[in-house]
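K.L.:
Now for the letters of each chain:
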Amino acid sequence: GEEVAQTPKHLVRGEGQKAKLYCAPIKGHSYVFWYQQVLKNEFKFLISFQNENVFDETGMPKERFSAKCLPNSPCSLEIQATKLEDSAVYFCASSQFATGVLEAFFGQGTRLTVV
Amino acid sequence: AQTVTQSQPEMSVQEAETVTLSCTYDTSENNYYLFWYKQPPSRQMILVIRQEAYKQQNATENRFSVNFQKAAKSFSLKISDSQLGDTAMYFCAFYNAGNMLTFGGGTRLMVKP
Chain A
1 GEEVAQTPKH LVRGEGQKAK LYCAPIKGHS YVFWYQQVLK NEFKFLISFQ NENVFDETGM
61 PKERFSAKCL PNSPCSLEIQ ATKLEDSAVY FCASSQFATG VLEAFFGQGT RLTVV
Chain B
1 AQTVTQSQPE MSVQEAETVT LSCTYDTSEN NYYLFWYKQP PSRQMILVIR QEAYKQQNAT
61 ENRFSVNFQK AAKSFSLKIS DSQLGDTAMY FCAFYNAGNM LTFGGGTRLM VKP
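So the protein lines, in turn, are chains A and B.
Residue 1 is where the first sequence starts when you use this note's numbering, and the numbers rise one by one after that.
Residue 1 is where the second sequence starts when you use this note's numbering, and the numbers rise one by one after that.
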């Protein structure tokens, strides 16, 4: 597709429950990024993939967060045992070099509310 | 590691006037890309303009233009003829071959009628 598709748009979870977010990158894009935007608007980088391989996971809280990008499937970000502070909008972006010009396209985000 | 700084948390401008949003960054890379993203209340991230570091010419996209000063590591966004629909958060972002998009803290722009 020609846009990054994130599902669901909204997700409500009770504290301690699992949350799973999905991202379908633009077809042909090799790189996928996940960002967490909290209420004060700060963007926190979580993880990036080059195809199905983790490229950079320095931002991931590893004890509860995990992510995958498998061939022929949407990428996913999973949070085990959600906490109140996980409430945020999670953005996925994809990019690919094309004719020497680089552009990152963002999905519309998934708003996670942990209650 | 790269850092991106937007020193203006909030700005306002009268409709039809011109406003400039500041952005500075720090990097040891020579080849990279810079972006300005707009985030309206809907939270959607919209690419406004991008600049390749190897290009000396400042990028322009309709009412939006940048002042890219590579030596000073400065990348400001100028919005001409401001419109009410320009009201949004604006994020400056840096992207390099390491493939991590680094954002500044954002500037909230209010366009007043």
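None of these hints come from the bench; they were simulated from the model.
These figures come from a predicted structure and were not determined experimentally.
Ideal Cβ positions, reconstructed from N, Cα and C, are used throughout, including at glycine.
Wrong hints could be hidden among the right ones.
Far from chain B by the CB rule (all over 12 Å, computed), these chain A residues [to be verified]:
{"no.": "1", "residue": "Q17"}
{"no.": "2", "residue": "Y35"}
{"no.": "3", "residue": "E42"}
{"no.": "4", "residue": "D86"}
{"no.": "5", "residue": "S95"}
{"no.": "6", "residue": "Q108"}
{"no.": "7", "residue": "G109"}
Pairs of lysine-lysine residues, derived as DSS-like cross-links and limited to a Cα-Cα distance of at most 30 Å, are as follows [claimed, not checked]:
{"no.": "8", "chain 1": "A", "residue 1": "K83", "chain 2": "B", "residue 2": "K55"}
{"no.": "9", "chain 1": "B", "residue 1": "K73", "chain 2": "A", "residue 2": "K27"}
{"no.": "10", "chain 1": "B", "residue 1": "K70", "chain 2": "A", "residue 2": "K62"}
{"no.": "11", "chain 1": "A", "residue 1": "K27", "chain 2": "B", "residue 2": "K55"}
K.L.:
Work down the list of hints and note, for each, if the structure agrees.
P.N.:
Hints, verified against the model:
1. Once the 12 Å rule is applied to beta carbons, Q17(A) is consistent with being away from chain B; the minimum gap is 23 Å.
2. Annotated as non-interface, Y35(A) brings its C-beta within 12 Å of a C-beta of chain B; the closest such distance is 8 Å.
3. Once the 12 Å rule is applied to beta carbons, E42(A) is inconsistent with being away from chain B; the minimum gap is 6 Å.
4. With a cut of 12 Å on Cβ distances, D86(A) stays outside the contact zone with chain B, its closest approach being about 17 Å.
5. Look at S95(A): its CB is around 8 Å from the nearest CB on chain B, not clear of 12 Å, so calling it non-interface is violated.
6. Distance check for Q108(A) against chain B: the nearest CB is about 5 Å away, which does not clear 12 Å, and the non-interface claim fails.
7. Consistency note on G109(A): stated as away from chain B, yet its beta-carbon is not over 12 Å from all of that chain's, at 6 Å minimum.
8. Among the hinted pairs, K83(A) with K55(B) is inconsistent with the structure: their alpha-carbon atoms are about 45 Å apart, more than 30 Å.
9. Restraint check for K73(B) and K27(A): not satisfied, since their Cα atoms lie roughly 33 Å apart, outside the 30 Å limit.
10. Between the alpha carbons of K70(B) and K62(A) the distance comes to roughly 36 Å, so the proposed pair goes past 30 Å and is violated.
11. Only pairs whose Cα atoms come within 30 Å are accepted, and K27(A) paired with K55(B) is accepted, the gap being roughly 28 Å.
Hint violations for this structure: numbers 2, 3, 5, 6, 7, 8, 9 and 10, all remaining hints satisfied.
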